[in-house]
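A.B. asks: Sequence:
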Amino acid sequence: MMEKKYIKMGRHWIVVLATLLTFVACHSTSQKQNSNDAVTLKDAFKGKFYIGTALNARQIMGIDSQAIRVVKKQFNSIVAENCMKSGLIHPKENKFNFTLADKFVEFGEKNHMFIVGHTLIWHSQAPRWFFVDDQGNDVSRDVLIARMKKHISTVVGRYKGRVKGWDVVNEAVLDDGSLRKSKFYQIIGPDFIKLAFEFAHEADPNAELYYNDYSMANPQKREGVIRMVKVLQSEGVRIDGIGMQGHIGLTHPDIDEFEKSLEAFAGLGVKINISELDISVLPNPHFHTGANVSDNFKYEKELNPYTEALPDSVSKAFNQRYLDFFKLFLKHQDVTERVTLWGVNDGQSWKNNWPVRGRTDYPLLFDRNNQPKPVVKEIIDAAMNNPKAD
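Going letter by letter, the sequence shown gives residues -27 to -1, 1 to 363 in mature numbering (1 follows the signal peptide of the UniProt record, and there is no 0).
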């Protein structure tokens, strides 16, 4: 009888011990989960790469206070979505408008952020006067070079030592790898790219200088960008990084091709910036995959299927797509300097009106109420469980 009593007592303590260990394990897991819940994006990626966002005019002016709270809490880098583009900052030949740009830079400095200027030379959103004389005829090569130098020197010089990096030239390479025959190209020739980088370097020798473009996973474009950068490097031109615009869909581009481009560009000895990240969930009109702002398609109801909310299946695919790409960026954190979302919340994204106006898209990490989507925690967890690069 005594032996049976001790056996029962032994079993009792085994049950108690098991219960206690389970409680401790659950409590520890719960504490870890609660701890990760409090971690922000910029906390999670600290020591890996900057996590940034683009600011629009309402945010820069402090009108959109809810979005500003998200920016301050979650991000440690900002880029000017529109206010530094030449058409806005330099509307007339001898007139600059620095009102918004000044406030943008002041906001970044006040909040200790890595500030990026976007963009110095771009064929789109450039003022028409840049390329013509008083009679409306194309200016000479020398005149356009002089105008380009004055523009770059004035803008970069104003923020010398304050803006840490500049998208110097934007979208100069076509998808087939050839140079775009923009007005800059037509009047100056291909060396407008070299001149732009040289002028920017002269204006601020310590600022980082980037080339920025979309569809960078396209193999032909990849090779075209590589050729261009190698030419610049062979001529002693300073170029510090390549911006791979992350305008992504649920099925394009192929993530393996994106990685090939990332690795190929890093092989040039430059830093990688994922510069304009958003993931559209909407159908592509006529299999459209680029990011040329002049492209537009007629509104059709079937191209706008999620006017109220996303189906669970689409949300799941969206979350997985974001997570897959962030895992790729973490894999290459040793060469990735910055990942920048192209906007703060879904309601402010350009994707609602491009390439079809009047649609409802859901391309960013924060919803229309500035609330983080479920994938944000998954991204944070992935970063927290990923060791820092050596």
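Rather than coming from a laboratory, the hints here were simulated on the basis of the structure.
Please read these numbers as outputs of a predicted model, since none were measured by experiment.
All C-beta atoms, glycine included, are put in the ideal place defined by N, C-alpha and C.
Incorrect hints may have been included.
[Unchecked claim] Each pair of labels, with its calculated beta carbon distance range:
id : residue 1 : residue 2 : range
1  : Asn84     : Pro192    : 38 to 48 Å
2  : Thr127    : His305    : 49 to 59 Å
3  : Ser286    : Val116    : 48 to 58 Å
[Stated by the list, open to error] Keeping only pairs whose Cα atoms sit at most 30 Å apart, straight-line, the calculated DSBU-like set for lysine-lysine is:
id : residue 1 : residue 2
4  : Lys45     : Lys233
5  : Lys350    : Lys45
6  : Lys244    : Lys274
7  : Lys123    : Lys68
8  : Lys203    : Lys45
9  : Lys83     : Lys346
10 : Lys137    : Lys46
11 : Lys203    : Lys15
12 : Lys122    : Lys156
13 : Lys203    : Lys233
14 : Lys167    : Lys122
15 : Lys21     : Lys244
16 : Lys46     : Lys304
17 : Lys76     : Lys137
18 : Lys19     : Lys346
19 : Lys304    : Lys203
A.B. asks: It remains to establish, for every hint, whether it holds in the given structure.
C.D. replies: A quick look at each hint next to the structure:
Taking 38 to 48 Å as the suggested C-beta distance range, the pair Asn84 and Pro192 conforms, at roughly 39 Å. At about 36 Å, the beta-carbon gap between Thr127 and His305 misses the expected band of 49 to 59 Å. The beta-carbon spacing between Ser286 and Val116, approximately 56 Å, falls within the hinted interval of 48 to 58 Å. Simply put, Lys45 and Lys233 have alpha-carbon atoms about 33 Å apart, too far for the 30 Å limit, and the pair is violated.
For the hint pairing Lys350 with Lys45, the CA-to-CA distance comes to about 18 Å; that is within 30 Å, so the pair holds. A distance of roughly 42 Å separates the Cα atoms of Lys244 and Lys274; the hinted pair therefore is violated under the 30 Å criterion. At roughly 12 Å between alpha-carbon atoms, Lys123 and Lys68 fall within 30 Å of each other, so this suggested pair holds. Straight-line distance between C-alpha atoms of Lys203 and Lys45 comes to about 38 Å, which puts the hinted pair past the 30 Å bound.
Distance restraint check for Lys83 and Lys346: the Cα-Cα separation of roughly 27 Å lies within the 30 Å cut-off, and the hinted pair is therefore satisfied. For the hint linking Lys137 to Lys46, the alpha-carbon distance of about 21 Å falls within 30 Å, and the restraint holds. Between Lys203 and Lys15 the CA atoms are separated by roughly 33 Å; this puts the pair beyond 30 Å, and the hint is violated. Taking the CA atoms of Lys122 and Lys156, the gap is about 16 Å. The hint holds against a cut of 30 Å.
Proposed proximity of Lys203 and Lys233 is supported: the alpha carbons are some 17 Å apart, at most 30 Å. Under the criterion of a C-alpha separation no larger than 30 Å, the hint pairing Lys167 with Lys122 is consistent with the structure, at around 12 Å. Note on Lys21 and Lys244: the hinted pairing holds, with a Cα-Cα distance of about 13 Å set against a maximum of 30 Å. For the proposed pair Lys46 and Lys304, the alpha carbon gap of about 25 Å is at most 30 Å, so the pair holds.
With a C-alpha separation of about 16 Å, the suggested pairing of Lys76 with Lys137 holds against the 30 Å cut-off. This hinted pair checks out: Lys19 and Lys346 have alpha carbons roughly 21 Å apart, not beyond 30 Å. This hinted pair checks out: Lys304 and Lys203 have alpha carbons roughly 25 Å apart, not beyond 30 Å.
Hint compliance for this structure: hints 2, 4, 6, 8, 11 are not met, and every other hint is.
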